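Given the sequences, and given the hints that come with them, work out the whole structure.
Here are the chains, one letter per residue:
There are 2 protein chains.
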Amino acid sequence: MKTRIGILGDGNLGKGIELAIRETSDMELVGVFTRRDPSTVSIQTENVPVCSSNELLDWQDKIDVLIICGGSATDLPVQTPEYAKYFNVIDSFDTHAKIPQHFANVNASAVSANKTAIISVGWDPGMFSLMRAYTNAILPNGKDYTFWGKGVSQGHSDAIRRIEGVANAKQYTIPVDEALASVRNGENPELTTRQKHTRECFVVLKEGADPKKIEEEIVTMQNYFDEYDTTVHFIDAEEFAKNHSTMQHGGFVFRSGSTGINHENNHVIEFSLKLDSNPEFTTSVMIAFARAAKRLYDMGSYGCKTVFDIAPAMLLEQSPEEMRSHLL
Amino acid sequence: MKTRIGILGDGNLGKGIELAIRETSDMELVGVFTRRDPSTVSIQTENVPVCSSNELLDWQDKIDVLIICGGSATDLPVQTPEYAKYFNVIDSFDTHAKIPQHFANVNASAVSANKTAIISVGWDPGMFSLMRAYTNAILPNGKDYTFWGKGVSQGHSDAIRRIEGVANAKQYTIPVDEALASVRNGENPELTTRQKHTRECFVVLKEGADPKKIEEEIVTMQNYFDEYDTTVHFIDAEEFAKNHSTMQHGGFVFRSGSTGINHENNHVIEFSLKLDSNPEFTTSVMIAFARAAKRLYDMGSYGCKTVFDIAPAMLLEQSPEEMRSHLL
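Residue numbers (the numbering used here), protein chains in the order written: chain A, 1 to 328; chain B, 1 to 328.
Treat each hint with caution, since some may be false.
Put simply, identical chains are the same to the list, so a pair is met inside one copy or across any two.
Said to hold, decoys possible - Calculated lysine to aspartate or glutamate pairs in the EDC-like style (CA-CA distance at most 16 Å, straight line): (1) 242 <-> 46; (2) 2 <-> 61; (3) 98 <-> 321; (4) 98 <-> 322; (5) 15 <-> 264; (6) 212 <-> 164; (7) 206 <-> 239; (8) 196 <-> 144; (9) 143 <-> 23.
No lab work stands behind these hints, which were simulated from the structure alone. Predicted model only: the values in this text are computed from it and were never measured.
This is the structure:
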């Protein structure tokens, strides 16, 4: 019997989950749940209903794992603890500083309801976290480096769009090549914020807006741009639509450490992602962990988990024997 | 109370385990066991005895995890199933094709004795296996690529040394830059053996040996060199000693896959290692998994495991709370 997946949310993540399920043979989509009018939402999977999220609790017997595809700012802090009372759940909560509180809230719900929840699943947090964990375990004497990009930062793009006179904007975070090379070379550099990433902005102005003034406002914006070397390009709406609708992203995690009686031997571990579609990759990770959530639930392992708590064998369709023969 | 580690074997892996324990605060070395005369073996840790491996069974109450540092060809197939009857054990068995049989043998011993064993721990098998598992779980529609090097292949070096007229030899396996670039670029190339790696040999001749004849014998050697582009350098013993005693190694694991309704979005995941000391890195991995073996044993989780069966949180000294706050 296939694992029955429900999706809460019909944005990019919800669409990605739908696609990721199609790559498996052991899972099936049973319903997409939206806060909007369901008749306005169309999906790509035949014979699967789009329903109002108000009906979700009626589906407890029909869904094995609910994938919560909301945003971390306001949706997930409410949704995940709430739905973990009724479903096994997966989310991609990515506000790193608030993970301990979110974990505690979700755990309380899942433990009391005997459900299994896995939070903060994606690539950062998610795959990057796993790399940090494994490599810290292996090289306790070392330094971690995480770089993001090249890719769009939603938060920074939003910040530019809030400036008066801006019609549209995309902000790319770009790792600095020299910094990457130095880390890759085992030089263990101390890097300032400015030395790690640059920020490149593509901005469409409203009529009559002053580009000089807006550029100044962007590059000096506190917490967002003032600590970075920022480039601003003003383009028209047509070019914006043509060249800046990408959902590419990626990044790098390094652990650079040493071993030996005098720490004389250096080791550099590098993990990198180059992604054409940030949401489709994120949801591919989430669906693998949904498989684990079902298995853990069936084993009676309840409560809130993170990627650190899941043995890799739980994530694959293959049997342990196949994995030992072909992947080990 | 610290986890008490015993080491069986006093070669490069045994020495590496001793060093890796020094990087932890939760493990201690209690004894090194050798098949040689213990009085001829000296170690770097004060107040720890070197004992004959004949005495090992007397240490069952004094060792929490025994790290078996033998070779995969003849030592480990005998030692690991034997000692898993008496100890929790870790080995680095790396003959990929024989892992299922080795697993079955070790599992039978560990299950009947209520001990915990983790086999094939290191970087390949080991960390590379983990990368293959995670990335296959995330991108079911994709291709795996593994490259090794630059580093010394012990087997190929041995094969050259067996040629008449050869006094000493080192063979480096080197990944081909163009192949790496193509994979990194998401081109999903079909690569022949020759296109993936080159082999570079440094050979010291015995007096009177014919270099032309020996070079021919090397580059045409079946199963070792005939399918590769091989370069042979003849050098003197002094240069050999000076420049070719390195234990550097490394390699690359890629998963290149696609998502989307028509698989139109490509994703490239890359993991790489650049290691100054192959044995010290291997043993750093083994010690992290020794921590997990002790924890699993304490939880009553007996039998043979591989890296696929171990949740990453098991590998770290940090508490789950610390991990969620600092690594997630």
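Name the hints, by number, that the structure is in violation of. When the structure is compared with the hints, only number 1 turns out to be violated.
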